[in-house]
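Asks: One letter stands for each residue in the lines below.
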Amino acid sequence: MTPTLCRDCFWTGPEPQPRRCPRCASPRLVVHAELDRLTIAHMDCDAFYASVEKRDRPELRDLPVIVGGGKRGVVTTCCYIARINGVRSAMPMFKALKICPQATVIKPDFTKYRTESRRIMDKLARLTPLVQPLSLDEAWLDLTGCERLHGGTAAWVLARVQADIETDTGLTVSVGLAANKFLAKIASDLDKPRGFSVIGAAEAKAFLAPRPVSILPGVGPAFQKSLAIAGYQTVGDLAKADPKTLATTFGVYGLRLSQLAQGQDARAVDPDQERKSVSAETTFNDDLTQVGDLEDELWPLCEKVARHLRKDAIAGRVAVLKLRTTDFRIITRRRTLAVPTQTAKALFAVARELLAAEAKGAAYRLIGIGATELVEALGPASDLFAGDEARALKSARAMDALRDKFGADAVQSGRALKTNPRTP
Amino acid sequence: MKFTIERAALIKALGHVQSVVERRNTIPILSNVLLSAERGGVSFSATDLDMEIVDFADANVDTPGQITAPAHTLYEIVRKLPEGAEVELRYAGDDPRLQISAGRSKFNLPVLPAGDFPVMSSDGLSARITLDTNDLIRLIDKTRFAISTEETRYYLNGLYLHTVGEGASAQLRAVATDGHRLALAEMIAPEGTTGVPGVIVPRKTIQEARRLLDDAGETVELQVSASKVRLQFGRASLTSKVIDGSFPDYMRVIPRDNDKSLTVNISVFAAAVDRVATISAEKSRSVKMAIEPGKIVLTVRNMEAGQAVEELECEYDRDSFEIGFNARYLLDVAGQIQGEAAEFRFADPASPTLVLDASDPGVQYVLMPLRV
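Chains as they are written, first to last, in the numbering used here: chain A, 1 to 424; chain B, 1 to 372.
Bear in mind the hints are in silico, worked out from the structure with no lab data behind them.
Keep in mind it's a predicted model, so treat the numbers as computed, not measured.
Be careful, since some hints might not be right.
Pairs of lysine-lysine residues, derived as DSS-like cross-links and limited to a Cα-Cα distance of at most 30 Å, are as follows [what the hints assert, rightly or not]:
1. A:Lys95 / A:Lys192
2. A:Lys311 / A:Lys394
3. B:Lys241 / A:Lys360
4. B:Lys12 / B:Lys2
5. A:Lys276 / A:Lys107
6. B:Lys288 / A:Lys394
7. A:Lys98 / A:Lys192
8. A:Lys205 / A:Lys225
9. B:Lys260 / A:Lys394
Starting from the given sequences, assemble the full structure and let the hints guide the process.
Replies: Put into structure tokens, the structure is as follows:
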């Protein structure tokens, strides 16, 4: 009597024999013992940017599509056809085009993606107030306690919204349903694209055990290496370890690893989860060595980040400079600012100091700037050292107002003209 | 190693060095004090790796030698010995512990080898600059309350000691700020200070130095390098790393053109602020000053705790206005004013206010107002 849901006609009932929907005969059934009880979901759009482009240009439907920028850029997203050829996101474009030369490369159009994202997120927001967006194309949902409201289980509600998104936007999403955020996120990835997977609390531990530790959030290549040295290759190794040993070896994160390895994750779906940082970066057409050239690339990025900060009424306490060397090493340098900033001027002043220490003859292929440790933007200055920031903010606000009224090119700083020359 | 020493001399030396030792240490030897017995006396060193204090005491040294022992335990033992006791400290090869005996008391403490004790190098320190002890006490006392404790701006977590001006008008200046208030004190630069780099001396170092200054003679000697500072107080010396960062351009935030001058009896003012602040909200401690010719009306309004108003006289003859301050900041500054009168120089309710001590032209305070 395993609970079953039909993903085409939303029929629910006990698992039928043979495994086809007794109402519409569809084979797309979700069968799981805990199906009626799980309420935490992760929803992830399938190859989001590429799918949006394909929808808008139907002639590309059966061709490989890569979304990404420039001859030197990287793959932002690629469609599933391109993936069959071995293209992956974050792959350098030249490499992607070598293995998949027939691909159509499209420059990303974030305005369009944001609009689509909003349409999808709005649909999710109608299901529950507890929607925590992770990015434009992913969100966690907590549907606990919404059964009476929707007249059906969380699984049923999700299957319906998944179909609804597909009909309305022409985009497919994959759903993961589980007992917590961590498992839900893993689940949504299992059956992509257009998937619906469930990981129950009962099977979580066994399911995770054989997987590499890198599936745990927070375990990157470097941490994976140190875990391997300590003898932990798989999640099962961590689950078996004494939490105390993990805590002494890896500190606070050791305890969290132990819990995650058991399939436990106590984090709540938090719709107010604040963003951790705002950043922008660019890859150059040709490697740059001169400080002046690097600074010219840096300034528009600072402006971009600062504009985002102002728009969202947040300020960054720490500026982070990112550089990628010609051998693909990433260098990041951070510095705390005198006062949390919302202006390109303050970001640039710190970033150029950080840059000066790094740009000593080395060639770089990418530069980026970020603002982190975000705080709510303060009102009038309450700090002795905020005077400069207040003045810079005033002029930045004035420029924002002009741009809103007369267009993005209405007013520019002299420095920006160097990289973005006006055509008369 | 073996020596006998008077309890008073021992407790003084240990007292000078032991407070550097952190209560909790992950590196065991940092919990210890280094004892080095040489002819004529013993030197005591303690360190937390950022700061080192060394003191020297006369003792009857029988066998010279060196060893380290737990600093706090040793200090506690000596503190509890009867006054006037002769204390013998002994570390001999046959017993791997430090023996302390005085009268009928005997203690054995675990030791760690002296060779493992980290010693701070004195490379690059400048020539010795001689300072009057009271002058240095003044610089520290007038400013240290404003040192920031907020870690995001680590470069404000110390006292910025530097020289300004040249020749006969050169000044040695101490500045501390936490972004909400700023304190500046200066004195005529002693000989040898020109060309010495400005340094940010950490809060803990200032605190220890201030303690040692109480027992110092008439003068102290200062040595500075870009990364370290050393003070010699008679037989005791303190060497500390300085904060690696640049102190902000504080001159830009000291208002020069504030033209609304108000003079008030500072003890009357402080007592009044203290009274009305009794009911101020815990967090902002905001006090409103309504200023009009001849008087100040202090008001605290707290939604939960009620209201307080107090009126006091002052010398003021410009336009009336209202301005708010954190009561604690006002009291901190008031506490440093030596003379009877303090002068407040205001610009407007949103701009920094300058506070001056009528009896000491070498100090300046800046307060950032709160919104009221």
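Asks: Against which earlier hints does the structure fall short, listed by number upward?
Replies: Violated hints: none at all, because every hint is consistent with the structure.
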